[in-house]
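Q: Could you put the whole structure together from the sequences, leaning on the hints where they help?
Protein chains in written order, with the working numbering: chain F, 1 to 126; chain B, 127 to 270; chain W, 271 to 434.
Simulated from the structure, these hints should not be mistaken for laboratory data. We treat Cβ as the ideally placed atom computed from N, Cα and C, and that holds for glycine. Hints are not guaranteed to be accurate.
To be verified - In silico lysine to any residue, SDA-like type, Cα no more than 20 Å apart, as pairs:
#: 1; chain 1: W; residue 1: K360; chain 2: W; residue 2: P316
#: 2; chain 1: W; residue 1: K381; chain 2: B; residue 2: D259
#: 3; chain 1: W; residue 1: K332; chain 2: B; residue 2: R257
#: 4; chain 1: W; residue 1: K381; chain 2: B; residue 2: S135
#: 5; chain 1: W; residue 1: K392; chain 2: F; residue 2: T75
#: 6; chain 1: W; residue 1: K360; chain 2: W; residue 2: T404
#: 7; chain 1: W; residue 1: K392; chain 2: F; residue 2: A125
#: 8; chain 1: W; residue 1: K392; chain 2: B; residue 2: F147
What the hints assert, rightly or not - According to the in silico footprint, chain F covers these stretches of chain B (three or more CB under 8 Å from chain F):
#: 9; stretch: 131-145
#: 10; stretch: 223-234
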Amino acid sequence: MSVEILLVDDSRITRTVQARMIRMLDLPIAAIHEASDGLEALLALDEHPGVSLVVCDLNMPNMDGESFVRELQRTDRGDLDVVILTSDRSVARTEALLDAGARAYITKPATPELLRDVLSQLLAAA
Amino acid sequence: MHDRRQTLSASLSLILEDAAFVFAELVEDEPEPFEGEVVEASLDYSGDRSGTMALRMTVHFALQVAEELMVSGDEDTLPEEIAGELLNIIAGHWVVEQFGERTRFHLTPPTAARRPGDALSPLPEDAAVLRTDDGDRVDLMVAA
Amino acid sequence: MSAALSWRQRPEHRVGISDLAVTDDPDATVVTHALGSCIGVFLYDPVAVVGGCLHYMLPLAKGRRDNPAQFADTGVPLLFARAYALGATKRNLIVRVCGGAEMNADNDLFKIGKRNFTVLRKMFYQNGVVMAATDVGGGQSRTGRLWMSDGRLVVTRGGREALL
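A: Now the structure itself:
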């Protein structure tokens, strides 16, 4: 079954690199959508209800990643798999986001191999 | 001051290599001036610790990094985007390396602007100036 | 050839330092020793039954042409080209990498082991290659042996063997 992914990061560079890496993987990707902050991401989820996996930054304007994850839990999209991909490698933030409902927390810079390991585990469990 | 320069250098060289595939080493002597237009990105970190971090590189070098990462875009904004995102990753690494993995902090989105290479504000004494294998200069500094 | 035969009883393609070998012999093994700061890139196509290894020493050839296998940027394309020439396809190739150790940390001013791996990562990123497995870094030399019969790659480090 193919999957729709949403990439959320205020850096277009990062979204472009992540999308390239994800397309390199041997995963059944139907589509990759993009948003530049948590608010845009919520709108994108309304527009693309088929999205089942989100890769999300933390430090973003308008709505940051943690707020986005908490907001998802309040809506009917709490089932979404959210992978945090951030430059913040502190234990405090890792614990906070996993407690808030994120399924995985990885630090930048990502590699194709790390994305493959995390995404394929989540897709297999789905 | 020696410690901060060393930790800034370590974070900068690590992230340049891991995120941009660029090799760079700390310059111990008086650095050569930047050649050409420079893009300077800065952000603030706050929380348990606070300060401002800034990254400088030439516009030319930033465009080269974009090419290596196979990212295209408008040359009017691409160097700023590259410098800003590299700074974001470097800051996230450095704050934890410097203050510990239990540090709670927040990073502002980076801002970036271009300046002529000969019109930059003076470097703090504990700034890290690195030179890449291809001879490009990259500076990283913190004001806290 | 019986699956029970050890590597000693099989044809062996030995890859030296700054060397490469590719084979389509399903009974053979391909082995390389002394992977210190050097990198061993192993390819295996289970459909075409083609496999090989490149053992390179340095990241960039910078115009040198006498031995392409000595450098990542000239050796890796050559390894892939040789594999394709024997019938391997990019889609089916399993790529595994080992080596890149920091052999003499205090004196390793240029961090050759890590640089060797970084240049490889860049080439793979730019060419859409994802590594199936890696065993890189650390401070010990490695040996890698690829079994053409089933594609297993055995990496030995510090006297211990592990499948990669």
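Q: Now look at each hint and say whether the structure bears it out.
A: A quick look at each hint next to the structure:
{"no.": "1", "hint": "W:K360 / W:P316", "result": "holds (12 Å)"}
{"no.": "2", "hint": "W:K381 / B:D259", "result": "holds (13 Å)"}
{"no.": "3", "hint": "W:K332 / B:R257", "result": "holds (19 Å)"}
{"no.": "4", "hint": "W:K381 / B:S135", "result": "holds (15 Å)"}
{"no.": "5", "hint": "W:K392 / F:T75", "result": "violated (41 Å)"}
{"no.": "6", "hint": "W:K360 / W:T404", "result": "holds (18 Å)"}
{"no.": "7", "hint": "W:K392 / F:A125", "result": "violated (31 Å)"}
{"no.": "8", "hint": "W:K392 / B:F147", "result": "holds (6 Å)"}
{"no.": "9", "hint": "131-145", "result": "holds (count 3)"}
{"no.": "10", "hint": "223-234", "result": "holds (count 8)"}
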